[in-house]
Structure formats: C-alpha cells, structure tokens
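K.L.:
Residue strings, one per chain:
Protein chains: 2
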Amino acid sequence: MDTKERILREGTALFKKYGVRSVTMDDIARELSISKKTIYQFFKDKDEVVTLAMKDFIEQEKEEYAALIDVKNAVEELALITKCILEDLDDINPSLIFDLQKYHPKAWAIIKEFQNNFLRKAVVRNIENGIKEGIFRDGLDPEVLAVLRVQQIHMACDNQLFPLDKFSIYDTHMKLFDHYINGIVTEKGKEYYNNFLRQIDIPTTNHY
Amino acid sequence: MDTKERILREGTALFKKYGVRSVTMDDIARELSISKKTIYQFFKDKDEVVTLAMKDFIEQEKEEYAALIDVKNAVEELALITKCILEDLDDINPSLIFDLQKYHPKAWAIIKEFQNNFLRKAVVRNIENGIKEGIFRDGLDPEVLAVLRVQQIHMACDNQLFPLDKFSIYDTHMKLFDHYINGIVTEKGKEYYNNFLRQIDIPTTNHY
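Chains L and Z, in that order, give the protein sequences. One rule links them: number in the working numbering = place in the first sequence (from 1) + 330. One rule links them: number in the working numbering = place in the second sequence (from 1) + 330.
This is chain L alone, in the form it adopts within the complex (with noise of 0.2 angstroms):
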C-alpha cells in the first residue's frame, strides 16, 4: 500500500470512530508516525482526505455487496445487504454522518449518489425477482418502493427528523427495515424472513 492509500484508510478508520471534526491533519500523522507536511503532498486540504476516504469507503461497499450474488432468494438478499448496512452503522460514531453532511458536502453527495444509484437500482432487482418467486406480494411497484428504501436509509441518518439525543441511527434503521421488509412480503416471505434472521447475526443493539 502507497502513503496515500495508507493516509486514506488510517483517515477512514479515524473518521468512522470519532466522526470528522474531532480528527485533525495531526491525528492522522501521528497515528501513521509520518509528518503533517507528507499528507499535504497528497492532499490539497482535509475536505480532500474526507471526500476521497469516502470515496474509497464506498468503492468496498460496492464490491461487498457484488459478492451477495450466490444468495437463495430475494428475503435473503435483502437481509444480508441489510446486515451490510447495520454492521456499517454498527461501526460509525453518528457524528461522522452528521459532519459529513454539515461540513463535506461534497463526502456527503458521493454517499447520497451510491444510495440513489446504486443502491436503488440494487433494491429494484430485488424486488423483480422477489415478486418472481413468490415471496414478495404481486402488484408492488419497484420503482416506488426502491425510492421509499433508499429514504428510509437517509431518513435514519437525519438529525432533524430523528434527533440523535432522542433516537438511536442503528436501532431507527432497524425498525425501518422491519416495516419494509413487512409491507412486501407474502406470507411465505414472511416465514422466510423470520427463520433467516434467527440464523444471521444482527446484532440488536449497537455500540453507539
């Protein structure tokens, strides 16, 4: 691994614990023993490491999420990407969702645009293909309830509509996808999904 990408992922890793504000050109420095001024041959200014370590982060999450091809059926699909996402959030002090969208914007859009792209067209598949073998209800609209999915995602990431002292981003997600998942499916999804959660490990409750 090159400096730079040994700058990026020590910044992600600092970022995903303390969030962006609390984490300085110097924290990173020291944390990889190299001096301030070999970050700034790399990067213009901290906006830079930010939108480029998200970046980065959201490269992996795509190559993550190719690798559910070789799943049984859409409720499975479904839940794993989910499990993806909560272990994600498991993972991510609340303040560095909250930064990015008060002061990396540009961070913030490149996230945003995985989840309104990539991230929407993934769920209308699964829906397509839910609707197929039974398991998800017949006459669900895809295009519309892949944009419902994608908001929910955003909406359990926005401290104006669950302010972080009151609600828990995890456990709101949680509660969302339960709702979700819940309104498309058949009664045999439904069983599906009862059993598939018993067997993967989601953790109920998160650090934060």
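One should not assume that every hint holds.
Remember, identical chains collapse to one label, so a pair may be satisfied in a single copy or spanning two.
Below, simulated DSS-like cross-link-like pairs (lysine-lysine); rule was C-alpha separation at most 27 angstroms, straight line [as the list claims (entries may be wrong)]:
1. Lys496 <-> Lys451
2. Lys385 <-> Lys451
3. Lys366 <-> Lys385
4. Lys346 <-> Lys496
5. Lys366 <-> Lys496
It should be emphasised that the hints constitute simulated quantities derived from the structure, not laboratory data.
Start from chain L and add chain Z according to the hints.
P.N.:
Below, chain Z alone, put in the same frame as chain L:
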C-alpha cells in the same frame, strides 16, 4: 362571508385547479367581479394571498380529521385519514405543490408544519390504538413509524424523488400507503383493511 374570505376561498379554488404560477391577481379579481385594487386593500401581495389561503385550507383539514372521532378501529381511522388525503390530492393540480415548494416557502412551511406536528401526532395515537386493538403488530415503535408515514407523504410530493413526468403524486401516495399499512398490520388487521378498502370509495386513479 366578507370580501377577504371570499378572496381567499376563490384563491384556494383557483390555486388547486391551476397551481399558483398560472393564477394572477387579475384572474382572482375577474372571478369575483371585483377590482384588483380591492384585493390589494386586504393583501400586500400574491404571496400573502397564497400563504393565508393555505392556512385556511389547513384549518379545514384539521376540522375534517377531528370529525373522524367515531371510527370503529385503528385500521378504519387510518384508511379514512388516507381517503381525506387522497381526495385532496385528487382535487389538486400537482403544479400547486410544486409551485408552493419552489416559490412560496412560507405557505409550504405551513403545510409541512401541519404534517410534521398535527398529522404526526395523529399517526402516533393511531398506532398506539391499533396495537391495543390487536390489529397492528406488537413491538412497533409509534414514534419512528409516524415519522416514516409523514415522510412518505412528503416523498410522494417531491418532484426530485418522483418526477411528475414519470410518476403521479396520487398513484405514488396510494402505493406508499398500501406498503405502510401492510407493514404494520397483524393478520386480523389485514382482513379489516381489505374489507374496508372495498367499502369506502377510494378512487384508484385521479384526474392528473
């Protein structure tokens, strides 16, 4: 009805039919056979007409909802509130919603405030009642789902999420409502819902 009220009623009617941008102060004056000067005796400008007209409209909505006290159960209440919303949407040119969002933030804020406060609280109570009645699932979080329901209403009217050239606000709203209710009902609640849908006359397509 005094002249000011007549202007607001006529304004509301015209805005509903054509949106805000296409309706001039001259149009309102002509419909009422009064002079434009008379309108300006009561209102500073068009934005004030729009804002007060929407305020009026929201007051009527609140009365309509308050009249829904005598319902049999939470499913019936939810379906009747949704019928009100759908009938409003059926009555409204989508341009009105678009114009308010874009050009009349004060009037739009009144509508959002109604949804985020009055309507959200009504949904919380509805969920609590439904759980007690055994027709909504145990373990639902009323606060989280009420935010979701109100956001669904905003979503359906959001031209960026559901572009008007591809989606109908009315149709999107119907689909999101159907998903919402399927996501919360027990088996018993689902039966009520399907029966009740047949009884009340929710139009399945609208004028726009």
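K.L.:
What hint numbers does the structure not satisfy?
P.N.:
Those not satisfied come down to hint 5.
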